[in-house]
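Enquirer: Work out the full structure: start from the sequences and follow the hints.
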Amino acid sequence: MSNRLPDVTRRRFLTWSGVAAAAVGLTAGATQVPWSALLDGATHTPLQPGQGVLVVVTLYGGNDGLNTVVPASDDTYQADRHELAYQPSEVLDVGQGLGLNPGLAGTKGLFDDGHVAIVRGVGYPEPDHSHFRSMAIWQTASPGSPTGAGWLGRWLDGTGEDPLRAVSMDSVLPPLLTGASTAASTLPAAGLSLPTGPTGVAFRALAGVDPGDDVLRARVARSGRDLAQVEQVLGPTLAASRSRSAGASGNDAGAAAGNPAGGGKHSQLADQLATVAALVEARVPTRVYSVSLGGFDTHADERGTQQRLLAELDAALTPFVARLGTTDVGRQVVTMVYSEFGRRVLANASQGTDHGTANPVFLLGAPVVGGLYGEQPSLTDLDAGDLRASTDFRDVYATVLGGVLGEDPGRVLGPGRTPLPGVLANT
Amino acid sequence: MTVLADAVATRRLLDRLGLGPRPGELAAAVGQGFAATLDRLLAAPVDPGPPAPTLAPITDRGTPGSPERAAAQQQRGQGQDALTRWWLDRMWATTSPLPERLTWFWHGHFATSAQKVNQPAFLLTQNETLRRLGTGDFRTLAQAMVVDPAMLVWLDGRTNRVGAPNENLAREFMELFALGVGHYTEPDVREAARALTGWTVDTDAGTARLVPRRQDTGPKTILGRTAAFDAPSFVDLVVARPESAAFVAGRMWSRLVSTTPPPPQVLGTLTDAYGPGRDLRALLRAIATSAPFHDAGTTLVKQPVEWAVGLMRAVGAQPSAVTTPPRGRRRGQGDPVHQHLEALGQVPFRPPSVGGWPAGTAWLTPSAQLDRMALAQAVVARATVPPGPTGANAQLDWARQTLGVDAFGPRSTDALRDVAGGDPRTVLAVAALTPEYVISA
Chain A
0 MSNRLPDVTR
10 RRFLTWSGVA
20 AAAVGLTAGA
30 TQVPWSALLD
40 GATHTPLQPG
50 QGVLVVVTLY
60 GGNDGLNTVV
70 PASDDTYQAD
80 RHELAYQPSE
90 VLDVGQGLGL
100 NPGLAGTKGL
110 FDDGHVAIVR
120 GVGYPEPDHS
130 HFRSMAIWQT
140 ASPGSPTGAG
150 WLGRWLDGTG
160 EDPLRAVSMD
170 SVLPPLLTGA
180 STAASTLPAA
190 GLSLPTGPTG
200 VAFRALAGVD
210 PGDDVLRARV
220 ARSGRDLAQV
230 EQVLGPTLAA
240 SRSRSAGASG
250 NDAGAAAGNP
260 AGGGKHSQLA
270 DQLATVAALV
280 EARVPTRVYS
290 VSLGGFDTHA
300 DERGTQQRLL
310 AELDAALTPF
320 VARLGTTDVG
330 RQVVTMVYSE
340 FGRRVLANAS
350 QGTDHGTANP
360 VFLLGAPVVG
370 GLYGEQPSLT
380 DLDAGDLRAS
390 TDFRDVYATV
400 LGGVLGEDPG
410 RVLGPGRTPL
420 PGVLANT
Chain B
0 MTVLADAVAT
10 RRLLDRLGLG
20 PRPGELAAAV
30 GQGFAATLDR
40 LLAAPVDPGP
50 PAPTLAPITD
60 RGTPGSPERA
70 AAQQQRGQGQ
80 DALTRWWLDR
90 MWATTSPLPE
100 RLTWFWHGHF
110 ATSAQKVNQP
120 AFLLTQNETL
130 RRLGTGDFRT
140 LAQAMVVDPA
150 MLVWLDGRTN
160 RVGAPNENLA
170 REFMELFALG
180 VGHYTEPDVR
190 EAARALTGWT
200 VDTDAGTARL
210 VPRRQDTGPK
220 TILGRTAAFD
230 APSFVDLVVA
240 RPESAAFVAG
250 RMWSRLVSTT
260 PPPPQVLGTL
270 TDAYGPGRDL
280 RALLRAIATS
290 APFHDAGTTL
300 VKQPVEWAVG
310 LMRAVGAQPS
320 AVTTPPRGRR
330 RGQGDPVHQH
340 LEALGQVPFR
350 PPSVGGWPAG
360 TAWLTPSAQL
370 DRMALAQAVV
380 ARATVPPGPT
390 GANAQLDWAR
400 QTLGVDAFGP
410 RSTDALRDVA
420 GGDPRTVLAV
430 AALTPEYVIS
440 A
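Going down the list, the protein sequences come from chains A and B.
Numbering-wise (numbering that gives the first Met the number 0), the first sequence opens with residue 0 and increments by one.
Numbering-wise (numbering that gives the first Met the number 0), the second sequence opens with residue 0 and increments by one.
Please note that a few of the clues may not be correct.
To be verified - Some chain A residues judged to face chain B by a derived CB distance under 7 Å, without partners named:
#: 1; residue: E125
#: 2; residue: S129
#: 3; residue: P197
#: 4; residue: A204
#: 5; residue: L205
#: 6; residue: G207
#: 7; residue: L215
#: 8; residue: V219
#: 9; residue: S222
#: 10; residue: L226
#: 11; residue: A299
#: 12; residue: D300
#: 13; residue: N347
#: 14; residue: A348
#: 15; residue: S349
#: 16; residue: D353
Claimed, not checked - Restricting the straight-line Cα-Cα distance to at most 25 Å, the calculated cross-link-like pairs of lysine to aspartate or glutamate (DMTMM-like) are:
#: 17; chain 1: B; residue 1: K115; chain 2: B; residue 2: D59
#: 18; chain 1: B; residue 1: K115; chain 2: A; residue 2: D300
#: 19; chain 1: B; residue 1: K115; chain 2: B; residue 2: D88
#: 20; chain 1: B; residue 1: K115; chain 2: B; residue 2: D203
#: 21; chain 1: B; residue 1: K115; chain 2: B; residue 2: D80
#: 22; chain 1: B; residue 1: K115; chain 2: A; residue 2: E82
Note that these hints are calculated values from the structure, not bench results.
Keep in mind it's a predicted model, so treat the numbers as computed, not measured.
Just so it is clear, CB atoms sit at the ideal spot from N, CA and C, and this is done for glycine as well.
Expert: Below is the structure:
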């Protein structure tokens, strides 16, 4: 991976899942639950008060945590990061000698309002520096053998067949949402109008069942059936969301959160999150949404690139969290932001950093008790140049599984996990 | 397992080791038979193809907001578009499809993107290198890629120097290009990065160059061997490993045969043929003559570019001649076909990361079928294949033969009857969306 892989297409991250899924043997075996159950779900089983919703934001490429939650006043940080270092005056103070990257102005506002928990030093034992393996570990929550179902896929396996339970806003599924027997659904990002006339009739007929189909041909046909269902159920909601986000143009929510980066410009991520907000507000009974932002592999010329990406994240996340805070159903949502690893403490010679380890994880939303959690990793007690993790990422997962999804963490993650106390208001 | 008849296996050969038949090619190949067709495919040299675009180096990139910057960005965008147009037309026109298919395969393998490589000329150079060396031996190909100008930019090799290594290229070379995860250690990566130090890129000339004072000439210990490794000897070391043979054979298998890995015995046959010479043609022959290649169950999802180029070849619609862009696009970069492929998630020279594009069922999403339809309709509007018969049944069979489909099942036959008897181009467009055509049988 390389730096500046940013804006890319909505399918950018499929590479990751494609390669990782192939490595773990999921590509051929994953079955997608048909959208046919979706209509019933949306109309007959709307999201109930008290049912938490989890939005997972994956930052692909290995976001540099030390320049995200910055120990700017630490002499070792300044010495090791030289040109890459932020000065204490540049960062946005969150206490305990730490400051947020200047790109995260809106998030800082949410933090001050008490809606952001920052869990520091999150990682896993025996860190791996491969993007693909490390991402596979984060997405499967199986550090020893990241070869099976995704962690939320296992949750899906145990919670019935409803295809609405988890939705990927990227057009192909990330491994985290792929279970052994069940998989989440995808939504087309745009263009949900099916053809009309004889061609439309033929197009729909191609979605029919043919007993002679092999597995792959049957998948093509079923994708056509799923498309028809999605159009029927979600077409109006998606259209409303698109017009709403176009009309808002970074004005209401962005300005309310004091975010100067809005500027009326909507990124793909902002659109995806606006759609998520619309679906939640429509009480679609989805409990998990997945979105992503790529390009964090900043081996060279890191500072400008990362700050730009964090500003893009911030500009998408801030109005999203603010908007959700305005409705009862929106206040059931917790958003989690993570990346597969951080970067080395010592900058390389290209004004960048190489693949590292422990990293902060962000939790945002009304149910979150804001503040700093976990231990800030030492910059001097290193493991071969890498930060030492103090919080196991599976404990963060346990927190949201129990506190947001109402699931027994042990069933998904195995025994011995400890939810982080106090991060969520109900725990 | 059901063994394919010779004619069907020959059709599969044109799909998997080529880019699909142009009008008349399938019948001719079936007449020659599988063995002769395989010989012919493997023996055909690279054809000259349409002339490559002239891509001047972008030298003055200006300061942000300046007119020079805007001009450079415009030049860059135009260069990238010209490059994509040229390659799609080349894939469409080629009468020597195996080297072209392998160029496409290696582009996904050594995946390098214009997202970061801001000199279109570098990407053209890499593409031509992949075509020239892509059917020779892997060692020579890997040697060229590790000092390829676009690659040195893409994976920061040009900033990798003695005393200040950048691990990016070394890591991805072992993980994704030549060895596979699990067959090296973190210290191997750090030492390999030292071996690759010293290479820089001359922007004006578009060439890579070794700068001795930037090179780490000391001893390195890589994969258990200690020597003063440099780029060539490091590549030799890696490519000679037995795990490298299995890795390269497996990657090729996953794109040309099936995402189900070859059984151990078949893999052994492949790596034996590949041999110490890392002979890619011998590996391809072993793949095409293996039992799974002749098994009716070994189907494969066509990647969007393979599906689109195959369709355009079949109906005689030159990519650069297609004029209808997708509806509702926010901004139009590139030709209409380029934009359709962007909607489908796969544009040449823009892989989403160094890992290349996904494979298999990842492409079979609900929205993709809509995007395929838009592209198919744009393509058939420019079809040059003679329109064929008028009767509904005859039209169905004509569409089947034109696209090189073995047979339509009852579901697809019913669907095609909804449009048969009218505009034959509509029949072609619907046929292109049938599961029988979207999946390579």
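Enquirer: Now tell me if each hint is right for this structure.
Expert: We went through each hint and held it up to the structure:
1. Given hint, A/E125 at the interface with chain B, is violated; its Cβ is 10 Å from that chain's nearest Cβ, farther than 7 Å.
2. Here the hint on A/S129 is kept, as its CB sits about 6 Å from the closest CB of chain B, short of 7 Å.
3. Because the beta carbon of A/P197 sits about 5 Å from the nearest beta carbon in chain B, less than 7 Å, this interface hint is met.
4. Evaluation of the A/A204 hint against chain B yields a held restraint, the C-beta minimum of about 4 Å falling below 7 Å.
5. Because the smallest distance between the Cβ of A/L205 and any Cβ of chain B comes to about 5 Å, under 7 Å, the interface hint for this residue holds.
6. For A/G207, the shortest C-beta to C-beta distance to chain B is roughly 4 Å, which falls under 7 Å, so the interface hint holds.
7. Proximity of A/L215 to chain B holds as hinted, the smallest CB-CB distance being about 5 Å (cut-off 7 Å).
8. Because the closest C-beta pair between A/V219 and chain B is about 4 Å apart, less than 7 Å, the hint holds.
9. For the restraint placing A/S222 at the interface with chain B, the shortest Cβ-Cβ distance is roughly 5 Å, inside the 7 Å limit, so the hint holds.
10. Using the Cβ-Cβ criterion of 7 Å, the hint placing A/L226 at the interface with chain B is satisfied: the shortest such distance is roughly 4 Å.
11. Interface hint at A/A299: satisfied, since its Cβ lies 5 Å from the closest Cβ of chain B, which is below the 7 Å cut-off.
12. Taking 7 Å as the C-beta cut-off, the interface hint given for A/D300 is violated, the closest approach to chain B being about 9 Å.
13. Checking A/N347 against chain B by beta carbon gives a least distance of about 5 Å; that is within 7 Å, so the hint holds.
14. Below 7 Å, beta-carbon pairs count as interface contacts, and A/A348 has one with chain B at about 3 Å; its hint therefore holds.
15. Annotation: A/S349 was flagged as interfacial toward chain B, and the flag holds, the nearest CB pair being 4 Å apart, inside 7 Å.
16. Taken as an interface hint, A/D353 checks out: its beta carbon lies about 5 Å from the nearest beta carbon of chain B, inside 7 Å.
17. Distance check on the hinted pair: B/K115 and B/D59 sit about 17 Å apart at the alpha-carbon level, within 25 Å; holds.
18. Between B/K115 and A/D300, the direct Cα distance comes to roughly 12 Å. Compliance with the 25 Å bound is thereby established for this hinted pair.
19. Of the supplied pair hints, the one linking B/K115 and B/D88 holds, its CA atoms being roughly 24 Å apart against a limit of 25 Å.
20. For the given pair, B/K115 sits about 18 Å from B/D203 by alpha-carbon distance, which is consistent with the 25 Å threshold.
21. With a CA separation close to 15 Å, the supplied pair B/K115 and B/D80 stays within the 25 Å bound.
22. At roughly 22 Å between alpha-carbon atoms, B/K115 and A/E82 fall within 25 Å of each other, so this suggested pair holds.
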